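Asks: 343 is the number of the first residue of the sequence shown in our numbering; add one for each residue after it.
Everything labelled a hint here was simulated from the structure, so no lab data went into it.
Take the hints with a grain of salt, since some may be wrong.
20 Å max Cα-Cα, derived SDA-like pairs, lysine to any residue [what the hints assert, rightly or not]: (1) K508 - R519; (2) K459 - L406; (3) K467 - R362; (4) K459 - V348; (5) K502 - S475; (6) K459 - R476; (7) K396 - L406; (8) K505 - Y457; (9) K502 - A352; (10) K491 - E501; (11) K467 - K508; (12) K508 - R526; (13) K467 - S419; (14) K459 - F495; (15) K467 - R526; (16) K467 - V348.
For each label pair, taking beta carbons as the anchor points, the in silico distance ranges come out as [unchecked claim]: (17) W487 - T434: 17 to 23 Å; (18) L392 - N478: 40 to 46 Å; (19) V496 - R401: 46 to 52 Å; (20) N478 - L400: 42 to 48 Å; (21) R453 - R401: 50 to 56 Å; (22) S454 - E501: 14 to 20 Å.
Computed from a predicted model, the values in this text were never measured in an experiment.
We put the beta carbon where it would ideally sit given N, CA and C, even for glycine.
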Amino acid sequence: MKKSAVYFEAETVFNDDAIRWMFQAEYYSYERLKILFRAGLGLLLLITALFFVKLTTLRGALMLIGCWFMVSTDFPSRMRAEQLIQARRGQTSRVRYQFTGESVLIDQTGRSLPYDKIDRMLVDKRCFYLFESRQNAVMIPRGVWAQDKQQRFVDFLSEKTGKEWKQSRNMLSMNLRDLIDMIRDGKK
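Given these sequences and hints, build the entire structure.
Replies: Right, dumping it as structure tokens:
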């Protein structure tokens, strides 16, 4: 069997912060419609409290709940991340990745992730995320390569997967295309 050339190598240290980032990226990528729903529900509760409720205690409770829904749109992801962090009890782990012509080799598990199995690719200010599914992802910190090599990495994966990189966005910077993508994701 012929050994495939390695085009890129990277290592990720999974500590508490990295786990939080991974869960947040997964949630913002796969649950965008739910996030929009939570924010909309919060706004609806807030409007109801301000304009339609006369009883002060009920108004206060609705405003409090509405504000909480609006500002804690990623609360479920934070809870799941904290559960995993508690289970790991402060342990960190290192995972090395090798990007060959056919797949991503993951040394921690000894498995490979073929490029055609990558469901989506996401980038934020900290990391690149390659999601096989909600439960399986590769996470590469952005600072591991120089800027030009980082761009080659992005181009390489776009070519190999046939997919576009999605920017991690907050709800305020969404556009119509993001909304259409959310609805499509919700139907899957």
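Asks: List in ascending order the numbers of the hints, as given earlier, that are violated by the structure.
Replies: 2, 15, 16
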